[in-house]
Amino acid sequence: MHVYIYDDFLNKSKHQKTINRLEIRLTDLGLNGKIIRLAGIKNVKSAIQNEIKLGAKTIIAVGNNQTVNKIIGAIIDTEIYGDFQKKTLLGIVPVGNDNSIAASLGIKDLEEACQVLLARRLAKIDLGIVNNHYFLNQISIQSLGTVLEIDDYSLEITARGEVRVINLLSDPSAKISSNPHDGRLDIYIRTKRKDETHLTAKEMKISNPENKIVIDGVVEIETPAAVSVRRDQVSLIVGKDRLFE
Amino acid sequence: MFNKSSRLEKFKDAETVIGASIRVKGNFQGQGNIIIEGALEGSLKTDANIFIGEQAKVVASIEAKDAIITGEVRGNIKAKNYLAVGATAKIFGDVQYGEISVEKGATINGQLSLGSEEGKRAAKIEDKENAPAK
Chain A
0 MHVYIYDDFL
10 NKSKHQKTIN
20 RLEIRLTDLG
30 LNGKIIRLAG
40 IKNVKSAIQN
50 EIKLGAKTII
60 AVGNNQTVNK
70 IIGAIIDTEI
80 YGDFQKKTLL
90 GIVPVGNDNS
100 IAASLGIKDL
110 EEACQVLLAR
120 RLAKIDLGIV
130 NNHYFLNQIS
140 IQSLGTVLEI
150 DDYSLEITAR
160 GEVRVINLLS
170 DPSAKISSNP
180 HDGRLDIYIR
190 TKRKDETHLT
200 AKEMKISNPE
210 NKIVIDGVVE
220 IETPAAVSVR
230 RDQVSLIVGK
240 DRLFE
Chain B
0 MFNKSSRLEK
10 FKDAETVIGA
20 SIRVKGNFQG
30 QGNIIIEGAL
40 EGSLKTDANI
50 FIGEQAKVVA
60 SIEAKDAIIT
70 GEVRGNIKAK
80 NYLAVGATAK
90 IFGDVQYGEI
100 SVEKGATING
110 QLSLGSEEGK
120 RAAKIEDKEN
130 APAK
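Here the protein sequences come in this chain order: A and B.
When the letters of the first sequence are read in order and numbered with numbering that gives the first Met the number 0, they come out as residues 0 to 244.
When the letters of the second sequence are read in order and numbered with numbering that gives the first Met the number 0, they come out as residues 0 to 133.
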């Protein structure tokens, strides 16, 4: 059974046409299913968990990066997580802004998302963890003054720019080939002096007293933050134009 | 030294690149080929190859299969296979190699010594592999 989780921001009238178009297209393709609207639901976690307990085979996040992270955050480290990993697939229909996760999976728009759901191409993806938050794409922080502690060494960045810790690459302009199922995170630093740094690590600590970490372009958290990765945690429905092998 | 272009090719897709704005402190053990353009203090080791850029300042012992040095290194260098020292290199420390080339203008302030027989053999095998087919 397909369960579509509509994020609460889709309640705004400006998205109504898009949602109507989506529902018509899904019906045409025989992909219609149950709809859960997060707007008005007080306990989002238990609403999502309940659908998995009821046997949802595919959970589809309709919204943006935050919608995807809400769903993962509702499931991971709960008693139903084992069942979710074994039996449930996660799909994405991007609506609105901040949809870098969908872009990484090769899903550019609503029409493509429907085709991807129909084709049901699967990939297991690692999950990044920063303190008690989860990320599929990346976390980022301003580079000047940032210190990364990794294994037996530390990296201090002495110029303005951006540090990105990438699980699933969303920006093809970063000159790295990131693998989201190797159990490692890619660290990519680009400064305004035009120099680039890249390396990989399984875990690290990030500190910067002046700046916050941004998770998947949406949520901000303070440092110091412990960052790690768990291998092959989520089964995703992906497009053929995804940004990874 | 850089006529051995096939050896420089190895760095085209280096797994680890440390840019000029980065200071590394501690024991840096990279995976695969490493390029250092910034500052590093501690030790630097890989089973693959290391390139130290012109602007780099390294205060560390270095251990690699092949190493190309064009910046400043204060510490001992051990290149099991091949060591190339560029014209802009400044090395303050002992150097051990399987095979070496030094460009005019380079500074080496330390002892040079030929490494193990194993290293020398590896260098010869690699030379044969890289030789053009007749």
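Any given hint could be a false lead.
[Claimed, not checked] Calculated pairs, EDC-like style, for lysine to aspartate or glutamate (alpha carbon to alpha carbon, straight line, at most 20 angstroms): (1) K56(B) to E195(A); (2) K24(B) to D97(A); (3) K24(B) to E148(A); (4) K24(B) to E202(A); (5) K56(B) to E40(B); (6) K56(B) to E111(A); (7) K201(A) to E14(B); (8) K239(A) to E155(A); (9) K191(A) to E40(B); (10) K24(B) to D150(A); (11) K44(B) to D240(A); (12) K11(A) to D97(A); (13) K44(B) to E22(A); (14) K11(A) to D27(A).
Hints in this document: simulated from the structure, not taken from any laboratory.
Hints and how they fare:
As the CA atoms of K56(B) and E195(A) are separated by approximately 17 angstroms, the hinted pair is consistent with the 20 angstroms bound. The suggested pairing of K24(B) with D97(A) is violated, with an alpha-carbon distance near 36 angstroms, which exceeds 20 angstroms. Only pairs whose Cα atoms come within 20 angstroms are accepted, and K24(B) paired with E148(A) is accepted, the gap being roughly 9 angstroms. Using a Cα cut-off of 20 angstroms, the hinted pair K24(B) and E202(A) holds, with the two alpha carbons roughly 17 angstroms apart.
Between K56(B) and E40(B) the CA atoms are separated by roughly 9 angstroms; this keeps the pair inside 20 angstroms, and the hint holds. Restraint check for K56(B) and E111(A): not satisfied, since their Cα atoms lie roughly 50 angstroms apart, outside the 20 angstroms limit. With a C-alpha separation of about 15 angstroms, the suggested pair K201(A) and E14(B) falls inside the 20 angstroms cut-off, and the hint holds. Distance hint between K239(A) and E155(A) is unfulfilled; the C-alpha atoms sit about 38 angstroms from each other, more than 20 angstroms.
Taking the CA atoms of K191(A) and E40(B), the gap is near 24 angstroms; set against the 20 angstroms cutoff, the hint is violated. Among the hinted pairs, K24(B) with D150(A) is consistent with the structure: their alpha-carbon atoms are about 11 angstroms apart, no more than 20 angstroms. The suggested pairing of K44(B) with D240(A) is violated, with an alpha-carbon distance near 37 angstroms, which exceeds 20 angstroms. Distance hint between K11(A) and D97(A) is fulfilled; the C-alpha atoms sit about 16 angstroms from each other, no more than 20 angstroms.
With a CA separation close to 56 angstroms, the supplied pair K44(B) and E22(A) exceeds the 20 angstroms bound. Taking the CA atoms of K11(A) and D27(A), the gap is about 25 angstroms. The hint is violated against a cut of 20 angstroms.
In summary, the structure is inconsistent with hints 2, 6, 8, 9, 11, 13, 14 from the numbered list given earlier, while agreeing with the others.
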